[in-house]
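Using the sequences and the hints given, assemble the complete structure.
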Amino acid sequence: MHISDGLMAPVIWIAGMAIALVFVALAFYKVDRNIEDRTVPYMAILAAGIFLAQMLNFPIIGGTTGHLVGAALAVFLLGPWGAIAIIFTILVIQCLVFGDGGITALGLNALNMAIIGSLTAWGVMSLFPKKHKLPGIALAAWASVFLGATACAIELAISHTIDPSYGIDGLIALPSMMGLHSIIGIGEAIITTSVIAFLAKVAPETIRLGSEEKSKGEYDAT
Amino acid sequence: MQRKFLIGTMVILLAFSIGLVGFFLVSDGKPDGLETILEGQGVKETAPVWTAPLNYGSDYASALSMGIIGFSLVLLVSFSYLRIVAKKKQQGTK
Numbered sequence: 001m002h003i004s005d006g007l008m009a010p011v012i013w014i015a016g017m018a019i020a021l022v023f024v025a026l027a028f029y030k031v032d033r034n035i036e037d038r039t040v041p042y043m044a045i046l047a048a049g050i051f052l053a054q055m056l057n058f059p060i061i062g063g064t065t066g067h068l069v070g071a072a073l074a075v076f077l078l079g080p081w082g083a084i085a086i087i088f089t090i091l092v093i094q095c096l097v098f099g100d101g102g103i104t105a106l107g108l109n110a111l112n113m114a115i116i117g118s119l120t121a122w123g124v125m126s127l128f129p130k131k132h133k134l135p136g137i138a139l140a141a142w143a144s145v146f147l148g149a150t151a152c153a154i155e156l157a158i159s160h161t162i163d164p165s166y167g168i169d170g171l172i173a174l175p176s177m178m179g180l181h182s183i184i185g186i187g188e189a190i191i192t193t194s195v196i197a198f199l200a201k202v203a204p205e206t207i208r209l210g211s212e213e214k215s216k217g218e219y220d221a222t
Numbered sequence: 001m002q003r004k005f006l007i008g009t010m011v012i013l014l015a016f017s018i019g020l021v022g023f024f025l026v027s028d029g030k031p032d033g034l035e036t037i038l039e040g041q042g043v044k045e046t047a048p049v050w051t052a053p054l055n056y057g058s059d060y061a062s063a064l065s066m067g068i069i070g071f072s073l074v075l076l077v078s079f080s081y082l083r084i085v086a087k088k089k090q091q092g093t094k
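Note that the protein sequences, when read in sequence, are chains A and B.
Positions 1 to 222 (the numbering used here) are the ones given, in order, by the first sequence.
Positions 1 to 94 (the numbering used here) are the ones given, in order, by the second sequence.
Just so you know, these hints were derived from the structure itself, not from any lab.
Please note that the accuracy of each hint is not assured.
As the list claims (entries may be wrong) - Stretch by stretch, here's where chain B covers chain A in the computed footprint (C-beta under 8 Å, at least three residues):
| hint | segment |
| --- | --- |
| 1 | 4-15 |
| 2 | 69-82 |
| 3 | 89-102 |
| 4 | 115-129 |
From a predicted model like this one, the values you see are computed outputs, not experimental measurements.
Ideal Cβ placement from N, Cα and C applies to all residues, glycine included.
See the structure below:
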């Protein structure tokens, strides 16, 4: 779902960059204010692990593939601000070092995957009580991909409306992006819940640490 | 903490090296959701504004190497930044 250079109308990627900057600055401010020495390796290894997971595309239908975004996983373990900060860091390295996603589209990619993905996952998880944690995580993971892709489709459609040499017609962009990503989101939900179930079994302190940080409001959206 | 950190790193890298086999068996060269739609609409990629020094690799060995480089970079950047911030915060509260 990484947008490349030249796909979106300039006004759209500039607006995306401006909106993303506000949220990313807020996320880093929250993380900076609340970080503790003991959580540093935990956050860093989670970020590096999500980077690797994003490299592993899985097949869906008709020769199309999808990959983990990792926003819901990061939100569950760190809360929304920590998640936005680490996904943004991953996106910057993917863009600058590996050419995955255009530099002009960095703001839109951050908006769709880091910001909309994380805030959606956080919102959905908040709706579920503790005893229904896993179904809540699964739905949050699915929704984070689906709404991120829907935002991308809207950006494509608006770009095309502004200037037909950019983006795609909304009548095509919206149903096709939403359709394909509703399936990719299932993969995201399976991987996210599997990783969390695995961590709960082999390294429960990582789950506890995340819960402690969130309960103290350290990385939470409070 | 350091031991757990090392074990976690080894587990993630091992999982990646196994997952990469699956990637090359079933997903290599296939477009993702957005790319599929763009290809279907005949949208051609324009030249990137920034030319990145690396790519994700085209075979198992190069992809594994690039994965390890990327993993190390993300780890290093995140760890260094967060460590500096945490230390500053600690000094500020003393």
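Which numbered hints fail = 2 and 4
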